[in-house]
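Colleague: Residue numbers (the numbering used here), protein chains in the order written: chain A, 18 to 148; chain B, 5 to 136.
Keep in mind the hints are simulated off the structure, nothing from the lab. The structure displayed is predicted, hence computed values, not measured ones. Careful, some of the hints might be misleading.
As the list claims (entries may be wrong) - Taking CB as the label site, the calculated pair distances span:
#1 A:PRO24 <-> B:ASP63: 57 to 65 Å
#2 A:VAL135 <-> B:GLY31: 20 to 28 Å
#3 A:GLY68 <-> B:LEU43: 29 to 37 Å
#4 B:ALA17 <-> A:HIS21: 17 to 25 Å
#5 A:ALA139 <-> B:ASP63: 18 to 26 Å
#6 B:LEU136 <-> A:TRP34: 48 to 56 Å
#7 B:PHE35 <-> A:TRP34: 27 to 35 Å
#8 B:VAL111 <-> A:VAL31: 13 to 21 Å
#9 B:ASP63 <-> A:ALA121: 40 to 48 Å
#10 B:ASP63 <-> A:TRP112: 43 to 51 Å
#11 A:ARG45 <-> B:LEU114: 14 to 22 Å
#12 B:VAL22 <-> A:VAL147: 52 to 60 Å
#13 A:ARG144 <-> B:HIS72: 19 to 27 Å
Unchecked claim - So the derived list for chain A, only partly shown, Cβ under 8 Å to chain B, looks like this:
#14 LEU29
#15 VAL31
#16 ARG33
#17 LEU43
#18 ALA52
#19 THR55
#20 LEU62
#21 ALA74
#22 LEU99
#23 ARG104
#24 TRP108
#25 ILE137
#26 ALA139
#27 CYS140
#28 VAL141
#29 GLY145
As the list claims (entries may be wrong) - Far from chain B, by Cβ distances over 10 Å, these chain A residues were calculated:
#30 HIS28
#31 LEU83
#32 GLY111
#33 GLY113
#34 GLU115
#35 VAL116
Glycine included, every Cβ here is placed at the ideal spot set by N, Cα and C.
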Amino acid sequence: MPQHPRPLSPHLDVYRWQLTMTLSILHRATGIALAVGTLLFIALLVALAAGPESYAAVQSFCASKLGLVLIAGWSWSLCLHLCNGIRHLAWDTGWGYEVPRARATGWGVVVVSTLMTVLIWACVFARGGVA
Amino acid sequence: MTTSGLGNPQLQAPLKRVRGWGSSKSGTGHFIIQRITALALAPLCLWAIWLALALVHADYAHARALVHQPVNAVLLVGLAIALFWHAQLGLQVVVEDYVHTRLTEVVLQLLIKFFCLLGAIASVLAVVRVAL
Numbered sequence: 018m019p020q021h022p023r024p025l026s027p028h029l030d031v032y033r034w035q036l037t038m039t040l041s042i043l044h045r046a047t048g049i050a051l052a053v054g055t056l057l058f059i060a061l062l063v064a065l066a067a068g069p070e071s072y073a074a075v076q077s078f079c080a081s082k083l084g085l086v087l088i089a090g091w092s093w094s095l096c097l098h099l100c101n102g103i104r105h106l107a108w109d110t111g112w113g114y115e116v117p118r119a120r121a122t123g124w125g126v127v128v129v130s131t132l133m134t135v136l137i138w139a140c141v142f143a144r145g146g147v148a
Numbered sequence: 005m006t007t008s009g010l011g012n013p014q015l016q017a018p019l020k021r022v023r024g025w026g027s028s029k030s031g032t033g034h035f036i037i038q039r040i041t042a043l044a045l046a047p048l049c050l051w052a053i054w055l056a057l058a059l060v061h062a063d064y065a066h067a068r069a070l071v072h073q074p075v076n077a078v079l080l081v082g083l084a085i086a087l088f089w090h091a092q093l094g095l096q097v098v099v100e101d102y103v104h105t106r107l108t109e110v111v112l113q114l115l116i117k118f119f120c121l122l123g124a125i126a127s128v129l130a131v132v133r134v135a136l
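Please take these sequences and the hints and turn them into a complete structure.
Modeller: In structure tokens:
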């Protein structure tokens, strides 16, 4: 803990809303959500190794209401974190820092990640739905 | 706090104050490994989405056969390692940024490290057991 009052940052409430800051916050939030989502990744693989009963239990959880809500959230989180992560990697090469370009790639992330999520669930329903 | 001379209350040389706070040689290690695992995860996650879709409505035998295939098993092990490594690095930064109570921070960092390591070990072991 600091011994003296230090300047605090970021001052979120003094800025008007911007897409770039929203994506920055969402990148962290979806990262945390996906880290929690690794529980399902572990559960699925361990259940597959353990036997048919365990696997059926994980499958029935995935098909439950709670399971579907979680998986829907994680699928969107993954698409957003993946697309925005690629945007971050582009920034790491020094490309895309100009404000108009950062905004354009930001909207690109919104559009592409939404399309990816829709596509994933279209594939699920094309395979006979979630039940 | 003054750093040198007569006003130095702790009679410490500046070098004493900076020693032990990290090496200039590994300072970028976290940043670079986060990017390397991100580069690995981008294609692996796209492949994992395909695998997950193949598992929808798959029965146990079919799911096991999918993971049993060498290519899928190898990629799953690679995914598990990159995934948990990347998760640990990312969560570490979140805790560093927002948790300012030392004890809570250390406990959380340790829990994150243990969880990610165990998650990676369990996933890899499960895949190996199905694949062999």
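Colleague: Kindly indicate which numbered hints from before are broken by the structure, ordering the numbers from low to high.
Modeller: Checked against the structure, the hints that fail are numbers 2, 8, 14, 15, 16, 17, 21, 23, 24 and 26, while the rest are satisfied.
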